[in-house]
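> Next come the chains, spelled out residue by residue.
There are 2 protein chains.
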Amino acid sequence: MEIKVVQKVMAENDKIAGEVRALLAARGIYAFNLIGSPGAGKTALLERTLAAAADLHPAVIEGDIATTADAERLARLGVPVVQINTGPFGGECHLGANFIRAALDELPLGGVRTLLIENVGNLVCPAEFDVGENEKVAVLSVTEGEDKPLKYPLLFREARAVVITKTDLLAALAFDLAKLRQNLAAVNAGLAVFEVSARTGAGMDDWVAYVRRNAGCA
Amino acid sequence: MEIKVVQKVMAENDKIAGEVRALLAARGIYAFNLIGSPGAGKTALLERTLAAAADLHPAVIEGDIATTADAERLARLGVPVVQINTGPFGGECHLGANFIRAALDELPLGGVRTLLIENVGNLVCPAEFDVGENEKVAVLSVTEGEDKPLKYPLLFREARAVVITKTDLLAALAFDLAKLRQNLAAVNAGLAVFEVSARTGAGMDDWVAYVRRNAGCA
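Just so you know, the sequences run in chain order A and B.
Position one of the first sequence corresponds to residue 1 (our numbering), numbered consecutively onward.
Position one of the second sequence corresponds to residue 1 (our numbering), numbered consecutively onward.
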């Protein structure tokens, strides 16, 4: 019984994700679904990305269980942003496609080329859900340890790119970047890998160029 | 239909959690359920705790989606440890009471006074599940940001204590400990709060004394 209901929920999600994908394609909008642990630096990455590239013609959907703090941070950059709070819906640990469909109704989509979705901070559940994005991007900070791709493999299998954040902290850590890259390659050899520091801006150019290229804004 | 099945799953979990709690009480074992994001430093905290306090007469249950890396780290300390991998069970994002009941069958419980459970790295889902523990402990690293109690309130409401980890990195961060303490108090004024560095050992004495006291090993 439980399995049947889960299958039904997933089938319903996939149906809505297909509708979201068709809606975005019809408007020429490319969507990134950013997924990472709480505190991995997803919002800081978005802030830097948006500040660096007005030519992305971006819009943002922020997912959190509670608070509108992240949406407020990004709205300061003059970008259209909608905050989803899953708290009233049982504190859901991920964004489902239904949330994205609802959020798109609230966004002024005219002229938008790039949709940046920041999922709920969670390395597990969001990886299981198609929300109609064109690609999932894993966000992993160097403070989380080299072993995370092996311990949470689904996200790194599902993602097309991974952004390694907080590289400015490497000097203060016993962290082996080569080992992390080896673990990433073991899980998904096709991953595009970026190393960035939102604090110093290091590595942001390569990442932003990737976003621009995939979104067709190059 | 979905809600009914979820209720049934939770009711079944709570029933098993009650059995686990009774089994532990009958043996005089006190159980901590450690919950935090991937990379929050839960395993390093356990390593330091176990090394500092043989008089806890500890046993450990390690939860991960994949790999036995954490159990291997702890087994080196000569402590009875069982690794649960949720990967074969749909990659579950949390430990349910059924996993704990099964793990207890594999542990030599004679003489054990303290059970330390390290949950799957996730700030969301594990907070929803009673696994038969005596108390939940939130583990939050300073690299994750001051806002986490507000954005992921359930865990901090359910926990009796929070261990703030990686304080050795404070010098490299723009992190406001007073602000974090304020946010913790806003969510749960009754939390016992500890600040530790597993790297330097700072603050470990207070935390270990708390574990000892609650486990009745003082």
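A portion of the hints provided could be inaccurate.
Which copy? The list can't say, so a pair holds if one copy fits it or any two copies do.
Pairs of lysine to any residue residues, derived as SDA-like cross-links and limited to a Cα-Cα distance of at most 20 Å, are as follows [claimed, not checked]:
id, residue 1, residue 2
1, Lys15, Arg199
2, Lys8, Glu195
3, Lys8, Asn134
4, Lys179, Thr67
5, Lys179, Ala66
Hints listed in this document are in silico derivations from the structure and should not be mistaken for laboratory results.
> Would you mind marking each hint as holding or not holding in the structure?
Each hint, compared with the structure:
1. For a Cα distance limit of 20 Å, the shortest separation of Lys15 from Arg199 qualifies neither inside one copy, at 39 Å, nor across copies, at 48 Å.
2. Taking identical chains as interchangeable, the C-alpha atoms of Lys8 and Glu195 are never at most 20 Å apart, the minima being 39 Å within one chain and 45 Å between chains.
3. In this assembly of identical chains, the alpha carbons of Lys8 and Asn134 never lie at most 20 Å apart, being 23 Å within a copy and 36 Å across copies at closest.
4. When the C-alpha separation of Lys179 and Thr67 is checked against a cutoff of 20 Å, the pair qualifies only between copies, where the shortest distance is 16 Å, while the shortest distance within a copy is 36 Å.
5. In the homo-oligomer, the alpha carbons of Lys179 and Ala66 lie at most 20 Å apart only across protomers (18 Å), although the nearest pairing inside one protomer, at 35 Å, exceeds that limit.
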